[in-house]
Amino acid sequence: MPEDAIVHGVEWTVKELFVYPNEFIYWSIQIVMYPYMTGLVAGAFVLSSLYHVFGQKDLKEIAQFSLVFSLALLPVAALPLLLHLQQPLRAMEPLMTPHFTSAIAAFGIVFTVYGLIVVSEIWFVYREYFVHELTVLRDTGGFWNALRRVVYKVLTFGAKDVSDSAIRVDHKAAKILAAVGIPVACFLHGYAGFIFGSVKANALWMSPLMPVIFIMSAVVSGIALCMLTYIVIMEFQAFRQRRKGGTAQAGETKGAEIDVISKATRYLLGFLVAAISLELLDLIFRGYTAMKSWDILRSVMYGKDFINIFVLQYTLGNLVPFVLLLLPGRTIKRIVVALLLVLFGVFMMRWNVVIGGQAFSLSFSGYMHYHIPIIPHSFETYKEGVFGALTVIATPFVLFWLINKFVPSLRRNIGKA
Amino acid sequence: MKRHVLHPLWVAVGVVGLIFLARLVLVPDDFGVHGDSFTYNYYRLGNIDEWKNFPVKYQGSDTCVECHKDNVRTHRRSPHKRVQCENCHGPAASHPDDIEYLPLNRERAMCLRCHADLDYPESSARSNLPAIVDRHHKRRRECVTCHNPHDPREDVE
Amino acid sequence: MSCSRRNFLKDAAGAAFVSSLPLSAFVILTTEEAKAAVAAATVRWGYLVDTNKCTGCGMCVKACKNENEIPYDAPVTRTWVERYVVTKDGTTHIDSPDGGRDGFTSDKIRDEEVDPENIAKAFFVPKLCNQCDNPACVQVCPVGATYKTEDGVVLIDREWCIGCGYCIMACPYGVRFFHPDHKVADKCNFCYHRITKGMMPACVESCAFGARRLANLRDPDDPVTKIITTERVAVLKDEYGTKPHVFYLGLDNNVR
Chain A
472 MPEDAIVHGV EWTVKELFVY PNEFIYWSIQ IVMYPYMTGL VAGAFVLSSL YHVFGQKDLK
532 EIAQFSLVFS LALLPVAALP LLLHLQQPLR AMEPLMTPHF TSAIAAFGIV FTVYGLIVVS
592 EIWFVYREYF VHELTVLRDT GGFWNALRRV VYKVLTFGAK DVSDSAIRVD HKAAKILAAV
652 GIPVACFLHG YAGFIFGSVK ANALWMSPLM PVIFIMSAVV SGIALCMLTY IVIMEFQAFR
712 QRRKGGTAQA GETKGAEIDV ISKATRYLLG FLVAAISLEL LDLIFRGYTA MKSWDILRSV
772 MYGKDFINIF VLQYTLGNLV PFVLLLLPGR TIKRIVVALL LVLFGVFMMR WNVVIGGQAF
832 SLSFSGYMHY HIPIIPHSFE TYKEGVFGAL TVIATPFVLF WLINKFVPSL RRNIGKA
Chain L
26 MKRHVLHPLW VAVGVVGLIF LARLVLVPDD FGVHGDSFTY NYYRLGNIDE WKNFPVKYQG
86 SDTCVECHKD NVRTHRRSPH KRVQCENCHG PAASHPDDIE YLPLNRERAM CLRCHADLDY
146 PESSARSNLP AIVDRHHKRR RECVTCHNPH DPREDVE
Chain F
613 MSCSRRNFLK DAAGAAFVSS LPLSAFVILT TEEAKAAVAA ATVRWGYLVD TNKCTGCGMC
673 VKACKNENEI PYDAPVTRTW VERYVVTKDG TTHIDSPDGG RDGFTSDKIR DEEVDPENIA
733 KAFFVPKLCN QCDNPACVQV CPVGATYKTE DGVVLIDREW CIGCGYCIMA CPYGVRFFHP
793 DHKVADKCNF CYHRITKGMM PACVESCAFG ARRLANLRDP DDPVTKIITT ERVAVLKDEY
853 GTKPHVFYLG LDNNVR
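Same order as they appear, the protein sequences are chains A, L and F. Numbering-wise (the numbering used here), the first sequence opens with residue 472 and increments by one. Numbering-wise (the numbering used here), the second sequence opens with residue 26 and increments by one. Numbering-wise (the numbering used here), the third sequence opens with residue 613 and increments by one.
There could be a bad hint or two in this list.
Unchecked claim - Partial list, derived from the structure: chain A residues whose beta carbon lies under 7 Å from chain F:
#1 Glu564
#2 Thr568
#3 Ala576
#4 Ser634
#5 Ser636
Said to hold, decoys possible - What follows is a set of in silico ranges between Cβ atoms, one per label pair, in the way DEER data are often shown:
#6 Val481(A) / Gly853(F): 29 to 37 Å
#7 Pro80(L) / Glu725(F): 42 to 50 Å
#8 Phe45(L) / Tyr759(A): 48 to 56 Å
Note that these hints are calculated values from the structure, not bench results. All C-beta atoms in this analysis are idealised placements derived from N, C-alpha and C, irrespective of residue type, glycine included.
Pulled out of the complex, with its shape left as it was, chain A reads as follows:
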């Protein structure tokens, strides 16, 4: 067979018993990454909105950070889809000829709207800072400063008014955008759940609860990732400051603040409970109604995927962190462990939905097993393999590092710069 005559899916699908000839695991690791990353975006944004809209003052710092972080995550929500497409060059077509009866058609539009909201909100929050930087940089020399000057000039969009009334307007606009953003973020993710929930051919996916479950676990993972990144960065900065010999102001040497973390933890727990309840409800309902597909579903859930679902997802990813977060005497270290487990748990949930949904044949008479390509030997096995997933995971951090060069989301008291 010529090189390009690769049948998509053959590489990583192993069939057992009777499976229709054309059935393969067509939606593989990138489609696991897609709702995972979208979830992180949505969750990060919701966390930031808790401060901007509901005025949760103690969340202020993490809110600013998670807002910018959600911008860094945003392109990465689209990246897995792009990597997954067989015709990536046609990726813009959902915007050109959207077929709105398809859940995926909305992606381009919701994604664009959401992107605009996030960017605008950041602009309103940081405009004062941009103008300030511009004045500071006015008479400096050097290439780097010149570049920064240009960037900030563009970023102000010519709006240099930093009078009190102008700033008040900014804050108000940011607040409104944050409020509008919450439903849009939920929609962005809820419909990712709809993509799966509406596939009537798939016995595991078909469920009206799917979108809600997806939103809940999205918020959980988003909050967890923001908290985690925040803790790591703050601890790292504090560590560096201490090494330098404590010349900086007192405010900047302390690491992550336990108050902020505690507050965020409370929200995390709330959403976690909601997510688990819904998932269990779904499971119980399926078992109780025991439709035609239940035989094969049960054999997958309680048999072949038992470890993935009940050990890795529910126990290690939900129960253990739940206990860790609830036990009194929280330390930053323990929280970090719990957060990592939560992130892992949500990832396993996505995995069990996407891969688990393809673990059995549409004929209900056979199984498919997924063997994720590890060492890539072609572009296909790279993008649909472990390294493709790692690329997707790494990108937001690189982007955040870049964005943070111009939009410093981690400096304390940025408001009164």
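Dock chains L and F against the given chain A, drawing on the hints supplied.
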């Protein structure tokens, strides 16, 4: 009201404008709802003709008469008459223009598709065909050395 | 090109208008288009599979692959034949090696012997795209790259498909796959290039036993349509509400 609040709005309008501009250029003219349902009939009309013009490969047994009279005649009065010529000889699309000789496939496997004995109950359509057990019936010799594929009743040695 | 600038702008604006308002079902047809639509309304393709007649020779699968340029050795196929062997204790053994492309020449099922004495019934079931009236695959296509034609056949636009795989997931029958060469979704289209020329689909043509037949369901005199309307036929998985248009005679309860 400060004017600058509207700046992001202009950006948004610009982005949307760009998308619409791109649609003008990129979406083929014949793309639209051709039929009575947006759900099922939203497509590029020209594609239908593209499919209609897909090349035909199997010509059908009737086209062979013209040049292979004898074979067709034998075949037509044999128990194999129901079996299309091209099933055994492959698609004759470019024959005899480009492919002068259709490759002759004399493999046992080709005949065994219909004649391998599967030992199924009477109710199975397969059981109505004359069957042989591959292992036991003149092993390792092409079937056509003894059976005439066009009329398997003849020439059994 | 004779098309004037003004005309171009007008067409472009019209196209943009129509495509920007896709929810409106109204499209003003030109006379030819209207004629074509009326003519097409006299045809609704359907298909009849008589499982009582299928011998599992796999000639249809071979012909389909050749006719439709599906790489011969790739493990995907537009049509396939399944073998069902039901033993007396009620277990069903199903297989379809290479989609039945080389026929069924061994009585082993996945290398396992089934005792012939113990077999209650054995039969073959050809499968192909059902050209549903409510195709789930079309509903979920994000870009309008797959659609139902006026004569009921579901086609895929190879120039427009983005290869997201949503349609493959949405089809309850598993008839869709990614074409190994074109990298777009692919499936049976009743050999659209043949049936629109008055020929039979390659699989129908190649079936020596009359197990596969094409019908124009709008023509009451069509012999196959007569069978479909007068005899007891069944469809696959009608619980999905897709309204399949491939009908089966002698369909067994064990068929998936």
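To see whether the hints hold, each was checked on the structure:
1. Glu564: holds (4 Å)
2. Thr568: With a closest approach of 5 Å, the Thr568(A) hint holds.
3. Ala576: Nearest chain F Cβ about 4 Å off; hint holds.
4. Ser634: violated (41 Å)
5. Ser636: Hint violated; Ser636(A) Cβ to chain F Cβ min 40 Å, cut 7 Å.
6. Val481(A) / Gly853(F): 29 to 37 Å: Holds, at about 31 Å.
7. Pro80(L) / Glu725(F): 42 to 50 Å: holds (44 Å)
8. Phe45(L) / Tyr759(A): 48 to 56 Å: holds (50 Å)
Going down the numbered hints, you'll see the structure goes against 4 and 5, while the others check out.
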